[in-house]
Amino acid sequence: MPVVLFATCLVDSVRPDMTGQVLDLLERAGGAPVLARGATCCGQPAFNAGFNKDAARVASRTVRALDSSVGAIVVPSGSCATMLLRHLPQLLAGTRWESAAKAVSGRVQELSTYLARRLPSTQSSADEAVAYHDSCHMLRELGEHEAPRALLAAAGHAVREMPGQDRCCGFGGTFSVKLPAISVAMADEKLDEAVATGARVLASCDLSCVLHLDGRARRRGLPLEVCHLAEVLT
Amino acid sequence: MTGPVPLTLSRRADLALDDPALRSSVRNATSVMGVGRLDALARLENPDQLRDAARAARASTLADLPRLLATWADAFESRGGKVCWAKDASEAVAYVLTVLKRHGATTVAKGKSMATEEIHLNAALGAAGINVVETDLGEFIIQLAGETPSHLIAPAIHKNRFQVADLLSADAGFDVPPAIDAEVAYARARLRESFLSADVGITGVNFAVAEAGAICLVENEGNGRLCTSLPRVHIAVMGMERVVADWAELDVMLSLLARSATGQDLTVYTNILSGPRQPGEVDGPEQMHVIVLDNARSDILGSEFQEALACIRCGACLNTCPVYRNIGGHAYGSVYAGPIGAVLTPLLNQHEPAARELAEASSLCGACHDVCPVRIPLHDMLQQLRVRHVPQDAPRLRRAAFRLWSLLWSTRGGYRTSVWLARAALRLPAPRRGPGWAGAWLSSREAPRRKGRKL
Amino acid sequence: MTTRTQFLARLHAERPDISRTGPLPEVRYRGVGEADFRRRWEALGGAMHVCGPAELPATIEALVQGRGPVLVGTDSLVRELPGDLRWPACGVPGAAAAGVAVVGAVAAIAATASVVLDSRVAQGRSAALLAPVAVFVIRRADLLATPSQILRHTSERWPDGLPSQLVFVSGPSRSADIEMTLTRGVHGPGEVHVVFLKAAIPLG
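Chains as they are written, first to last, in my numbering: chain A, 1 to 234; chain B, 1 to 455; chain C, 1 to 204.
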């Protein structure tokens, strides 16, 4: 079964190594993954800020590129997956990309959803306690609560739950820089809860959440590594 | 708020974030109400079915609003009720003042009503020399403080018992101890006099039942009942969208309202008022007036935001919102706070930049939509409001930047170049300061690092 | 001033994507029997008693002893009981002076632990509002399962039109406005009792 990986713009720009890590995971899961050619960004940063036209301009390119691929489209981001699944069909409605957007949305799966049924367990000797942050789109739009936890457990990690596990980390796209004080207050509550579980790793399926929380954790000097799920499973 | 209110959301938020007592109070209160909501919904067998039905019912009612308002008014007037059709705040206030004057009224006992806050009724009455006593405990407290409510349901959640004791002691002229029972006992005795002597009672309205020509008012303390039983005149102010089509819709809304707000099955008093006193009744108002308020709601009706009028003012969205949790209600600088406030305030005040700015007070996490009993997609509306506001409010530079970004990223070469530049920049030593948005990030967070966990 | 016609002429609604297509679903509560009423009413801080008509005077006497002036309402279930103040004759000043009010209620509701007051039957609104203690006497047969049995059947219950006020009283007056700490008896009665009257056993 062919699998196409849409790496996302954040991975491309900030964590290029993650692309290779995800491709490895997809191979271990039994697929023959290829990288989507010409798929750049889902348009979400502009969309969240209210710049629909600009978002559509970029997203339509990505949609066109993905539509010319075959197989399941795997996205290592809950928010980008949601953008492709839910928002682009509406955003591109009435344009010539309308049917491509609909077709693409039917093929998209977020990474952990895809892996959960396919990745064999690996009892790692280096198991550790991992706190998990349910990023907002993962939880509320995709309804994916179980797969990341199952994958962490299958890899031998103990998942530590936080009391506010379903509360937003405060990134929110341009919110993080337009209202930084509130954004950081939200991050602090999340990070304090993660530290309080005793875990030294906090994982999430959204690199945007990861960079925001990691940036704050390091500024505060907290004993916590914040990573993407793919980085923990690798 | 007391004193001059800072003009930007960001400044008001900063004030709140620097107030640990406020943050602790808000965090505690919203958590308690949030847990209450979950427990209360679990006491129903079909809560999701009811929420779906509630959404559909509200949508149908709003689509039929003019006819339902007419039906309601006919039935209410047939029992002696009087209706004022107020297109804006000034008409509503003028009507209240006229009624007060006609009855020679000098004292008003007032129940909690966000609609009356919206039209700034208390200030107008005060200016006309009318003595207005807020009788809801939380509203009474903030009236003494000279503040506005900071939450839809619990107006004084930002105050702790010590602050309350100070306010009550100043009012009393003697020391009221910072013990909640003593504070309540003082308020009860103090406000009892107002109820017994008030000429007019003014309340809000939770729902108006069109087929019955009645209004429904819900409360926990009993002050609503007192305001509508003892004074000679009752005036109720309602947003026009509070109409429900029939008794069944009221039944469904009541099954969800208190549950979603505080975790109660019903509030202590659910009042259904169909008109002034009837022959054989020895109390109750001789006259009952309902002011139906438009005040820009007709702009929302018929727009893509029409569903925002479905709100039943339960406050569940405030209780779940992580932004509200951190900054409290006053930081919104508006009558309506939290997610519903961030949506309604721009819509009701389209010409005010400070009102429009509230659409930014969200990370678009969607928790509000998750808890809304009538399933208003508040998170989607916030994004749509941002789209609407860009032409007026987005700085030229930002619009140019997004346009440039989109042109660049819709070409392969442009995207690749950007990515290459970004990766190169990340190899540089991480700065701790920067201009504009970069500075906003770096002021409290390290720059993103290229390598994730150390393998 | 804006007229009704002018006001309504400004309202133009959109057709929504979703709409109500027929009767609304029933509200299904978990637990709608007498035991559920008791459990909920007591959890709210209320007290519940059950007695036959012959024991009613003694039951009430035990509740009102030492509580101050007793106001008795106008409902047929209570009007024969002894009292210091009689509604409606005593009026609002009397109601305000009472230490305990004993009134009838037209129904009770198990799902929400509510007592239903009808201002036409009670001849007013404030008989049991001002005293710190309220006792509601209700026929056990008038215990209903859910609010829907009142709300969705108003035209049957009140064929000649609604009373000016109906109230569902669900426990003692309360507030959590200060530090989310629950207190009772803010404005309305802080102590509430329900007395369910069993049906009289016919003799012979």
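For the record, the hints were derived by calculation from the structure and aren't laboratory data.
What you are looking at is a predicted structure, and each value in this text was computed from that prediction instead of being measured.
For every residue, glycine included, the Cβ atom is placed at its ideal position computed from N, Cα and C.
Be aware that a few hints might be false.
[Unchecked claim] Where chain B lies over chain A, by a calculated footprint (3+ residues, C-beta under 8 Å):
| id | region |
| --- | --- |
| 1 | 14-24 |
| 2 | 47-54 |
| 3 | 142-156 |
| 4 | 180-191 |
| 5 | 205-219 |
[Claimed, not checked] On the chain A side, residues computed to face chain B include the following (Cβ under 7 Å):
| id | residue |
| --- | --- |
| 6 | VAL34 |
| 7 | ARG37 |
| 8 | SER99 |
| 9 | CYS136 |
| 10 | CYS227 |
[Stated by the list, open to error] A short list of chain C residues far from chain B (calculated; beta carbon distances all over 12 Å):
| id | residue |
| --- | --- |
| 11 | GLU14 |
| 12 | ALA35 |
| 13 | ARG139 |
| 14 | SER170 |
Consistency of the hints with the structure:
Only residues whose C-beta sits within less than 8 Å of a C-beta in chain B count toward coverage, and the region 14-24 of chain A has 5 of them, enough to reach three; the restraint holds. Beta-carbon proximity to chain B at under 8 Å applies to 8 residues in the region 47-54 of chain A; the threshold of 3 is reached and the given coverage holds. Only residues whose C-beta sits within less than 8 Å of a C-beta in chain B count toward coverage, and the region 142-156 of chain A has 0 of them, not enough to reach three; the restraint is violated. Chain B is given as covering the region 180-191 of chain A, and this holds because 9 residues of the stretch bring a CB closer than 8 Å to a CB of that chain, at least three being needed.
Only residues whose C-beta sits within less than 8 Å of a C-beta in chain B count toward coverage, and the region 205-219 of chain A has 8 of them, enough to reach three; the restraint holds. Taking 7 Å as the C-beta contact cut-off toward chain B, the hint placing VAL34/A at the interface is violated, the least distance being around 17 Å. Of the supplied interface hints, the one on ARG37/A is violated, with its beta-carbon coming no nearer than about 9 Å to a beta-carbon of chain B, more than 7 Å. Residue-level restraint check for SER99/A is violated (minimum Cβ-Cβ distance to chain B is 19 Å; threshold 7 Å).
Residue-level restraint check for CYS136/A holds (minimum Cβ-Cβ distance to chain B is 4 Å; threshold 7 Å). Taking 7 Å as the C-beta cut-off, the interface hint given for CYS227/A holds, the closest approach to chain B being about 5 Å. For GLU14/C, the non-interface assignment is contradicted: its Cβ lies about 5 Å from the closest Cβ of chain B, within the 12 Å cut-off. For ALA35/C, the condition that its CB be more than 12 Å from all CB atoms of chain B holds, with the nearest at approximately 15 Å.
The beta carbon of ARG139/C is kept farther than 12 Å from every beta carbon of chain B, the shortest such distance being approximately 21 Å. Not every beta carbon of chain B lies more than 12 Å from that of SER170/C, the smallest distance being close to 5 Å; the non-interface claim is violated.
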